[in-house]
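Asks: If you're matching them up, the sequences are chains A and B in order.
The first sequence begins at 4 in this note's numbering and counts up one residue at a time.
The second sequence begins at 66 in this note's numbering and counts up one residue at a time.
In case anyone wonders, no lab produced these hints; they're calculated from the structure.
There's no promise every hint is true.
[What the hints assert, rightly or not] Result set (DSBU-like, lysine-lysine): computed pairs, CA atoms no more than 35 Å apart in a straight line:
#1 B/K467 with A/K120
#2 A/K63 with A/K74
#3 B/K150 with A/K119
#4 B/K735 with A/K100
#5 B/K601 with A/K63
#6 A/K63 with B/K150
#7 B/K136 with A/K119
#8 A/K99 with B/K569
#9 B/K601 with A/K120
#10 B/K467 with B/K200
#11 A/K74 with A/K99
#12 A/K100 with B/K467
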Amino acid sequence: MTRKRTFAALAIALLPALLFLAGGLAAAAETVPQPIAYSHKIHVTDYKMNCRFCHSSTNKSQYANLPSVEKCMMCHRTIATDKPEVKKIASYWNEKKPIPWNKVIDLPNHVYFPHKKMVNAGIPCLTCHPGMDRAGTAVQNLEFGMGFCMDCHRKKKVSIDCWTCHY
Amino acid sequence: MLDRRQFLKLGGATAFATLFGGCDKVQRRLIPFVIPPENYTLGEALWYASGCDQCPAGCGIVVRVSEGRAKKIEGNPLHPVNRGKLCARGQAALQALYHPERFSRPMKRSGPRGSGAYAPVSWEEALSLLMEPLKKIKAEAPSSLLMLTGPMRGHAGLVAGRFMKSFGSPNRVAWDPFGPDAMLSANAAAYGVRDLPEHDLANARYLLSFSGDFLETGISPVHYAREYGRMRGDRETIRGKFVHFGPRLSMTAAAADLFLPCAPGTEGFVALGIAHVMVRDRLTAASSAAGRLADDLGAWSPEEVEKKTGVHAHDIAAAAEEFARNQPGLAIAGTTAATCADGAFHCSAVALLNVLAGNVGKPGGLSFPNRAQAFAKYGPEAGLLSPSPESGYAGTRAALEKMRGGAFRIAFLSGATNPAFTLPPSLKFGEALSKVPFVVAFASFLDETTSLADLVLPVPTALETWGDDLAPVGHAGAITLRQPVVEPFHDTRSMPDILIAAAKELGGEPAKALPWGSFRECIEKAYGGPGGEMEKALQRGGFLGEASSPRSAVRTGGVSLPKAADRPLEGDPKAFPLALHLYPSIALYDGRGANLPWLQEMPDPVSTAVWRNWIEINPKTAAGLGLAEGDGVTVTSPSGKITAHVAFNPGIAPDVAAMPLGQGHTKYGKYANGRGENPISLLPAGETYALQATRVALVKTKLSTALARTGHPEGQWKVKNMM
Ligand code: SF4
Chain A
4 MTRKRTFAAL
14 AIALLPALLF
24 LAGGLAAAAE
34 TVPQPIAYSH
44 KIHVTDYKMN
54 CRFCHSSTNK
64 SQYANLPSVE
74 KCMMCHRTIA
84 TDKPEVKKIA
94 SYWNEKKPIP
104 WNKVIDLPNH
114 VYFPHKKMVN
124 AGIPCLTCHP
134 GMDRAGTAVQ
144 NLEFGMGFCM
154 DCHRKKKVSI
164 DCWTCHY
Chain B
66 MLDRRQFLKL
76 GGATAFATLF
86 GGCDKVQRRL
96 IPFVIPPENY
106 TLGEALWYAS
116 GCDQCPAGCG
126 IVVRVSEGRA
136 KKIEGNPLHP
146 VNRGKLCARG
156 QAALQALYHP
166 ERFSRPMKRS
176 GPRGSGAYAP
186 VSWEEALSLL
196 MEPLKKIKAE
206 APSSLLMLTG
216 PMRGHAGLVA
226 GRFMKSFGSP
236 NRVAWDPFGP
246 DAMLSANAAA
256 YGVRDLPEHD
266 LANARYLLSF
276 SGDFLETGIS
286 PVHYAREYGR
296 MRGDRETIRG
306 KFVHFGPRLS
316 MTAAAADLFL
326 PCAPGTEGFV
336 ALGIAHVMVR
346 DRLTAASSAA
356 GRLADDLGAW
366 SPEEVEKKTG
376 VHAHDIAAAA
386 EEFARNQPGL
396 AIAGTTAATC
406 ADGAFHCSAV
416 ALLNVLAGNV
426 GKPGGLSFPN
436 RAQAFAKYGP
446 EAGLLSPSPE
456 SGYAGTRAAL
466 EKMRGGAFRI
476 AFLSGATNPA
486 FTLPPSLKFG
496 EALSKVPFVV
506 AFASFLDETT
516 SLADLVLPVP
526 TALETWGDDL
536 APVGHAGAIT
546 LRQPVVEPFH
556 DTRSMPDILI
566 AAAKELGGEP
576 AKALPWGSFR
586 ECIEKAYGGP
596 GGEMEKALQR
606 GGFLGEASSP
616 RSAVRTGGVS
626 LPKAADRPLE
636 GDPKAFPLAL
646 HLYPSIALYD
656 GRGANLPWLQ
666 EMPDPVSTAV
676 WRNWIEINPK
686 TAAGLGLAEG
696 DGVTVTSPSG
706 KITAHVAFNP
716 GIAPDVAAMP
726 LGQGHTKYGK
736 YANGRGENPI
746 SLLPAGETYA
756 LQATRVALVK
766 TKLSTALART
776 GHPEGQWKVK
786 NMM
């Protein structure tokens with residue numbers, strides 16, 4: 004009886020958390036509209052650019068970072084300047100305004116995911132971001148359930164201690 | 066049909082929207098930089114070394130910068146002045162950087178002087194407004210240019226000094242309310258050196274302090290606090306003893322083994338009483354000096370001194386005996402002893418004790434570093450780079466007289482010392498300045514002084530500028546380098562940069578004297594430029610290793626008894642029963658920190674008061690006047706009248722009232738304005754800058770404000786036990 008009650012109490016207490024997590028996952032596979040229809044395919048697949056040219060802190064920081072407007076303009080001062088999407092970038096640059104990108108990939112706050120650990124261990128970007136190289140604007144085709152991370156950690160024989168990701 | 070997973074997703078999304086809809090605090094936007102700052106990695110912090118300028122102590126700092134923003138300041142562990150420590154004022158420099166009231170562009174006065182009404186102008190317009198009259202007076206009467214700054218050190222001092230000299234004006238004056246003038250003249254008299262000594266507190270066995278609140282304010286609080294910690298706890302078998310004389314139980318006094326209250330402005334007499342006992346009982350190391358002084362000191366027996374100071378004769382005799390027998394020891398005079406009407410006397414009398422005990426030039430005592438060595442290559446100009454030699458009240462007063470006489474056509478005002486706020490109002494700084502046709506302020510904030518300017522040229526804060534510094538004490542020959550730790554927030558230019566540009570436009574001598582393209586170039590030329598030694602030094606915070614050898618030619622033999630001018634406090638004791646003791650606030654210092662909320666909300670360590678000013682009195686005095694904690698009072702002196710809240714301090718003599726400086730601003734922005742009244746307005750305009758100069762009377766009055774404190778006084782001491 005007591006145990007049942009405890010379980011019920013626990014379930015009620017955990018409900019918002021469960022719902023929250025499920026909500027987060029639900030949002031995952033949707034395409035998110037962006038201020039500029041940037042194409043990963045053109046840059047990565049067609050022109051063979053390295054992901055880290057734009058996401059330059061993946062090996063140095065917890066975050067992958069987005070390129071500054073200045074970085075976009077490094078190339079697009081001269082390349083494809085007549086394309087409507089490039090013109091949009093140029094207008095942000097001329098007005099010295101940042102481009103307000105919409106966030107696509109998110110992890111809950113209780114997960115610590117340092118990009119640099121993965122990248123420096125030689126994990127290819129596409130392991131977690133499959134299809135990004137052929138996508139238009141950024142997509143997330145994978146659901147980052149805990150199992151996904153655990154599988155990989157187990158396969159690679161790296162720590163599966165709770166503290167590794169949750170602290 | 067929905068499968069389990071889809072059902073959960075849908076349910077989750079619906080529940081999420083229901084539970085959290087309308088309060089979407091989750092960051093959904095990723096905003097990249099337009100132009101990223103140098104060396105930038107998202108999420109990774111960089112630490113830049115630089116120098117603190119929140120007070121004249123010159124500590125070294127390291128600043129944590131991430132995403133191009135300064136986030137936290139700490140002490141530079143390599144810096145000899147503060148060895149990784151930092152005081153609250155240093156920490157609060159961040160709020161000056163991000164302050165919403167900073168001048169972001171040049172401003173031209175658009176209303177009457179002092180109204181604080183300004184209209185923004187472009188730098189081109191501002192510089193042409195500056196250059197036109199400047200060129201004119203350069204041709205007609207160059208000496209009618211006045212430069213009134215805070216004390217300037219390093220190459221900023223060199224640029225300012227050279228500018229004025231090449232312009233043809235001798236009128237460069239520096240004002241600092243806690244400038245070391247009295248100590249410098251005392252040291253010249255006692256040791257033959259007009260400089261500040263290094264006190265080797267860490268190795269002293271005995272410390273006598275005469276109102277030396279060195280843990281809070283004073284010349285270098287962080288440095289001395291660290292040294293003091295070492296004196297008390299760093300040796301295996303010795304714990305240095307600390308005896309404090311002073312009018313008030315300050316935080317420093319509270320840390321002493323023995324606190325012996327004396328009346329304000331009598332510290333020097335206590336020292337003479339101690340000297341008397343040392344000579345009388347043959348407790349001196351310097352016997353020749355003692356022999357010569359014996360007669361002169363005869364009049365200062367402990368009993369006589371007791372009558373004058375309120376310190377018991379047996380306490381004076383005991384202190385003398387212990388001080389003499391526990392060597393090496395140190396006697397130090399503090400800011401409030403130095404800011405008496407006769408500060409030089411008090412400091413000299415304290416210096417006499419060091420001479421008699423033989424503390425000069427030995428470990429655990431005091432020595433004079435060879436400060437000039439750091440800038441020896443500048444020859445006679447080296448003085449411009451060392452702590453400002455011409456700082457002082459006398460110079461400022463003389464300049465005010467000349468202003469009144471119409472001697473100046475342009476005045477440059479700069480520095481944080483805010484003379485319109487820190488000088489006694491009876492000197493009428495504003496009125497004198499009104500006689501100067503064109504006043505230019507180099508400032509980051511509007512304050513009482515800046516608001517009197519016709520043109521405001523916005524300067525960067527310390528975290529955005531280049532510079533160098535030689536700390537007044539504790540530097541061991543080290544030169545601090547300052548570098549901008551972030552890109553300047555606003556369209557600002559530093560004073561040396563503006564002077565260099567002005568010199569170029571003036572041409573001739575000024576252009577030759579200031580041959581650099583910018584102040585950064587001046588610094589780089591002086592220190593070997595980027596890529597070389599300077600690069601390494603910038604990473605460390607300066608050239609920190611070079612210890613200068615102490616100056617050998619310190620004279621101690623010819624010491625004579627300082628003459629006590631014995632200027633009584635202003636006011637008849639019957640009408641004004643309490644002696645007023647003003648002291649620099651640990652948070653706001655001379656008032657410059659009052660616009661920073663972090664400092665306003667920092668509880669005073671003794672009264673625990675925040676955000677307002679107060680008057681500390683003994684609970685017994687309060688009972689006599691029918692006053693309770695927090696009551697409002699009118700404080701009247703022969704020179705002025707202000708209101709304040711009463712805060713009990715049982716460690717203060719019943720005939721003394723003490724007030725911290727720093728509050729009472731009227732034009733220093735929303736965080737500073739209207740928090741009580743400025744206690745400096747109680748002071749007479751004397752020959753010297755005296756904070757311990759007057760007596761006051763208190764009358765209960767109703768105030769619309771209340772005194773906010775972080776702790777209830779009953780929690781700290783039982784008031785009823787004190788009465
Ligand atoms: S003592 Fe002065 S220089 Fe040192 S940290 Fe404090 S405010 Fe800055």
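Asks: Which earlier hints turn out false for this structure, listed by number in ascending order?
Replies: Of the numbered hints, 1, 12 do not hold.
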